[in-house]
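Under UniProt numbering, the first residue of the sequence shown carries the number 1, and numbering increases by one thereafter.
Below, computed lysine-lysine pairings styled on DSSO-like, alpha-carbon distance capped at 30 Å:
1) K250 / K233
2) K237 / K139
3) K237 / K262
By construction, these hints were calculated from the structure, which means they are not laboratory data.
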Amino acid sequence: MCFRDFRDAKRFSLLGYYAITCLALIYASDAGATTQFDTCPEMCRCIISQRSVTEEKIFKNVVCRGVIRDIRLLHMPQKTEWLDLSKTSLQSIPSYFFIDHGVVELTELDLSYNNLSYIDHNTFIGLNELKYLNLNYNKILYFEPNSLLYNEMLTHIFMKGTDVPLPEEGSLVVSHTLKLLDVSDCRISSLPTLVFSELPYLLVLNISRNPIRRVDVKILENLTWLRELDVSKTDLKCDQNLASLADWGKAYSVRLTGYPCKNGHNEEAVFRSNRRKHTTEGPEWPTPISEVENANDFEESSFVRTNLTVETDDPADEASIRNQTMQLQKATQR
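Given these sequences and hints, build the entire structure.
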């Protein structure tokens, strides 16, 4: 290339410099985005989801192990749908964490076996696709009842072994989509009247392994869609005080798992004589992705997908995983 004078050469040199600078900035930006959102984080195991050879590889399933000192430094792929942060010594989750990090497509979130003590109104904000939330074996000191109100796809909450304090007034959880609630092994000795009052479409309630001596049927009046109540390994005794619970179960066709009074040759009472709902009002529940044989059989790390194999801590879970939520599926078909 020929230049007529020095100014032309200088102008061309400056244009080349600016072009190279812009390309470098674009490359750095892309590289930063890839590093932050499209690569598997340290201490994590990611499984690639790719429907075809030509389709972009996406990390949709992320399992993290090890101590996470500050979750804000954990940059997860934005397309993550299944996230396992169990046993990572988490102590807190900042408000708006998931939405601030662009991780808003989660359908399943496992936070079990951590040190979470506080769940506030904004902890899970933005997770509009969330269906399964596992909080098992955290030591929850405060749980904001409305913290899951806007997670409108949520169907399962597991709070086993959390010792979650029950509110004296109002509902423990407010959700118009929840199907299963597990508060087993939480050292619950009594149930306030309104503790489940804002769960109108609940199908399965697990209060097993708690030192509960009495269940007032007034507590269950708002659970008009309930199909199963698990009271196994509680302090309920087969006496006259329990007769009202049996009558309620029979009247509304609710399965009482672990019912202490023997019914014939069975150790639990199963009532199917009447249906309390004769209309088609209410939501049409999709078939559960994760199957649960009953509320007491679901354990942590038991999610299974067609494109994902998740390692479990207990080898016995391998057999139970294949037989999960069949009871819940049958209940929705009755």
